[in-house]
Amino acid sequence: MPLITDTIDLWLPPRIVEALHAHGIVPRERLRVPHEVDGSRGQFRAPRTACLLKASSDYEARLNAV
Numbered sequence: 189m190p191l192i193t194d195t196i197d198l199w200l201p202p203r204i205v206e207a208l209h210a211h212g213i214v215p216r217e218r219l220r221v222p223h224e225v226d227g228s229r230g231q232f233r234a235p236r237t238a239c240l241l242k243a244s245s246d247y248e249a250r251l252n253a254v
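For the sequence shown, the residue numbers in the numbering used here are 189 to 254.
Since the hints were derived computationally from the structure, they do not count as laboratory data. Positions of the beta carbon are idealized from the N, C-alpha and C atoms, including for glycine. Careful, some of the hints might be misleading.
Unchecked claim - Computed Cβ-Cβ distance ranges for the label pairs, DEER-style: (1) Pro222 x Thr195: 17 to 27 Å; (2) Leu240 x Pro202: 19 to 29 Å; (3) Ile192 x Arg220: 31 to 41 Å; (4) Gly212 x Arg250: 13 to 23 Å; (5) Leu240 x Pro201: 40 to 50 Å; (6) Trp199 x Arg220: 29 to 39 Å.
Work out the full structure, taking the sequences as your base and the hints as a guide.
Structure, rendered in structure tokens:
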């Protein structure tokens, strides 16, 4: 039985994994968000000195929240 931390290759049939990768669906650890849409310049982002999160973008905040 695969562990939750194992790659999808251990969870899904090879044809499904190939289809996911072919359509750009990857594990979040391999996701690359373009700077233009990563939330780093969002109007609701707190100044670094006032922010409790150690993140400079929405993507980093989400990774650190886990």
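Outcome of the hint check:
The beta-carbon spacing between Pro222 and Thr195, approximately 25 Å, falls within the hinted interval of 17 to 27 Å. Our hint of 19 to 29 Å for Leu240 and Pro202 is violated, since their Cβ atoms are close to 43 Å apart. Between Ile192 and Arg220 the Cβ separation comes to about 23 Å, which falls outside the hinted range of 31 to 41 Å. Hint check: Gly212 to Arg250, Cβ distance near 18 Å, so the stated range 13 to 23 Å holds.
Distance hint check for Leu240 and Pro201: the Cβ-Cβ separation is about 42 Å, which falls inside the suggested range of 40 to 50 Å. Trp199 and Arg220 have their C-beta atoms about 23 Å apart, which leaves the hinted 29 to 39 Å range violated.
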